[in-house]
Every structure is written in structure tokens, then in C-alpha cells.
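Chains as they are written, first to last, in the numbering used here: chain A, 1 to 225; chain B, 1 to 225.
Don't take each hint at face value.
Pairs involving identical chains hold if they fit within one copy or between any two copies, as the list cannot separate such chains.
[As the list claims (entries may be wrong)] Within a straight-line C-alpha distance of at most 20 Å, the following computed SDA-like cross-link-like pairs (lysine to any residue) qualify:
{"hint": "1", "residue 1": "Lys-109", "residue 2": "Gly-123"}
{"hint": "2", "residue 1": "Lys-109", "residue 2": "Gly-192"}
{"hint": "3", "residue 1": "Lys-109", "residue 2": "Pro-183"}
{"hint": "4", "residue 1": "Lys-131", "residue 2": "Asp-89"}
{"hint": "5", "residue 1": "Lys-131", "residue 2": "Asn-210"}
Calculated from the structure, these hints are not laboratory results. The structure displayed is predicted, hence computed values, not measured ones.
2 protein chains.
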Amino acid sequence: MKPMSKTTTVGFLGGTGIEGKGLALRLARVGVPVSIGSRSRERAREVSRELNSQLGRELIGAAENREMIGASEIVILTIPFEQAPAAIDAYRDCFRPATILVDATVPVKFLSGQVRLIELPEGSSSESLAKRLPPGIPLVAAFKTIPAHVLADLRAALECDVFVCSDSAAAKTKIMELIRLVPDLRPVDVGGLEAAGTLERMSALAIGINRRYRINSARFRVVGL
Amino acid sequence: MKPMSKTTTVGFLGGTGIEGKGLALRLARVGVPVSIGSRSRERAREVSRELNSQLGRELIGAAENREMIGASEIVILTIPFEQAPAAIDAYRDCFRPATILVDATVPVKFLSGQVRLIELPEGSSSESLAKRLPPGIPLVAAFKTIPAHVLADLRAALECDVFVCSDSAAAKTKIMELIRLVPDLRPVDVGGLEAAGTLERMSALAIGINRRYRINSARFRVVGL
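Chain A with its partners taken away, still in its complex shape:
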């Protein structure tokens, strides 16, 4: 596996939602080649135009999802959790060997104003998606606990940690290097993929804090590290 560099191409499966847009902006701004994927090439182009105009430079590309996946070394999954299994199944043959899938999905639902975690038999959304990937495509869980709209607001300092876990040490290292390129994000290694369930619960906890305190930006930082 090649080490992370600023020429590693990062594609977004679900790049037209707020989380994908936010991460794409943050990475493009520090020089990472980024491509927005969508089922519709026109929709992807529309979003990349919007983001490039925000950046004031033509930094972000656009492609139909299959093309984007085939051209990316890292694919970040930022679609809603409910759509993720079907998307993986639909695109599993497009991945190049050793492409890394980064899963940022959080399995939550809202019931009468309360956030609820959806319990999955595998223990987490990440572990359930990892099973659907072709052999040789490692999955890394990351970005689960960072509020999408904070990512998307380039004036906001993130000042928080990105908890990263994977059963592939090499893939995890590469994603941690990618995260380190963003100045106010710190990657924190939380072990194997079995930790993803904790990250998903923390994300639900943060959503609950947001609702209880009438804010929308709760995220975590490890003190003492």
C-alpha cells in the first residue's frame, strides 16, 4: 500500500449531502485531490461547481459514482445509513484492488424527538458494511462523531478528534495520515473495527446533547492525549 500523500485521490460516495460536501471542502482546501460522486453526473457537477465557487478555486472534481469509485484510492461513504448496504452492493465491483472504504455512517433514527441507535446484529453499521465488501477492500470507520454542518462551515474551527478504527492496520494508518492533513483535526486510533459500535453510540450521544442543550455542534476531544 502506497503511503498517504497529497496526490492520493479521495472520492465521495454520497458527496452531495452536507457531510460529504463538508469533508470534501476541508480536504480540497489543504490540497488533496477530491472527487464528488453521485448517481447523476449532472448532480455531481452541480455540487462540485458550488464547492469550487466557495473555495474560489477549481479544486473539486465530479463523476458518476462508478467512475468516481474506479478512479479513487480512498472512497468516503457519506450517504445516509439506510442507503449504505444497497449502495455497497450496487458498486462492489467498481473498487480497484486495495481501495480503502471509509465509513462515516451512523445508524440512528428519531422517535418522538429522541435519537435512537438502531441495533445491528453485527454490532455496528461499519461491521455490517465490511461484510458486504469484496475481499481485499479494507473498511475504516472514521468521522462518525463529527457534526456534518460543522464540517461544512469553513469558518468553524473543528478542534476535535476523529476516532479511527479498522481491522486493517495499513488502511487505518493511511486514513490517519489523511486526517492529519486537516490542521484542526486529530486522528485517534481506537483499535479494531469492533470499536465502531462505540463510535456510533457516541455519535447518538452527541446528537442527544445537541437536542438537550439546543446546540448543533457537539463533538469530542480526548483530554490527556
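Assemble chain B onto chain A, guided by the hints.
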């Protein structure tokens, strides 16, 4: 329920371990009447002498567990998780009406150098202990994610959040007021007792971070709140 004040008596069930000692020191230092409980009155006295000498003042009392519980408005459970159910069963008749039990236990075990959460049918140690309490004694989960040795080192600034959850809103409010008395701790309301499982998993995550980064002080702070 009386509001929290600096005259509310706080007892420690398991006050002779490092977590109980640390919390007792932190609370006594800001003027809260604190009592160390132990099965042995002599052992409790020994520990209170040690802590008072550290504080340079006679602030911390000592009692056999039954006496301590009978004289406390708040009882903080800081014994190891495995011993907690038997301790609750043994002392359930000693609680005064409306005494609050604060559960700081974390159900983890260590397997070949890895920390593992012990899965409980109730979802968390707190929910399992709450079932064993007499009616009218509310349980509040708190302090689960704060490393014991950081609490016990009075030179260390804590600078972290205490996540607090309970099915009794009044008891939760009172424990949050208690936590606010400690200058560098911030209570964060994370809802009903069902959130305790997330806090216990976060504690296991922090222990894993400690091992991976060769530190012993990982704890959490919410950014954006």
C-alpha cells in the same frame, strides 16, 4: 428533594480504592462533607487519615459501610464492577429514603492485554444495578469516563466532562450540581439511564487509547458546548 448544597453528605461505598479516594479528595477540597466507607471501620479510618494528611485538614470522615450509607444523602459506588451487585444486595436496607446512588462502575475485563466490555443483559452495569435497589432510591450514572489516577492526583487539572444520566430528573440535577462544585469538572446531561451503556463503552475506549498510546489519562471533553 432538597437542592444540592455544601452540607449534603456524600459517602463512598468503596472509598478505599483509588477512584473513591480521588473523588473524595476533590469534593472535600471544595467543602463538601465526605465520608469514606469500608467493610472495616479501621480500614476506612486509615484511608481518611491518609487523605486528610494529603489535604492538610481534617475534612474527610470514616465509617463502616452500613453506618456511612445510613448517614449519607448521596452514596457514590466506586467499588470494582464485579463486587457491585453483591454490595447493593448486602446494603439495600441501609439506604435512607431518597438517598441517591451514584454508579461509577465500568464492566470491563482484560483479555491478553486488550480491554473488553462485559456485555450485560440489561445493557449496562448501571441499569443492572438500578434493578437491585429498593424502590425510591434513584440511581445516577456518572464519573464513568474519568481515569481514577487523574482524579487522585490533586496536582492534575481534570479539564474534562462528567457525563451524567438517570431516569430520575431530580436526582440527576442534584448530582450535576455536586459536580459543578469541582472547578475543573463540567457535568453534561446525556439523558436517561439507557445512555449508561454508551458511557461504559466510552470508558473501555479510553482504556484502549491509554494502552495504545502508552498514557494513562485519556478522558473526554465535548467541544461545541
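Each hint, compared with the structure:
1. Lys-109 with Gly-123: Answer is both; intra-copy 16 Å and inter-copy 19 Å each pass.
2. Lys-109 with Gly-192: between (25 Å within a copy, 17 Å between copies)
3. Lys-109 with Pro-183: Answer is neither; intra-copy 32 Å and inter-copy 36 Å both fail.
4. Lys-131 with Asp-89: Within one copy only: 11 Å inside a chain, 43 Å across chains, cut-off 20 Å.
5. Lys-131 with Asn-210: Answer is neither: 32 Å inside a copy and 29 Å across each miss the 20 Å cutoff.
Violated hints, in rising order: 3 and 5; the structure is consistent with all others.
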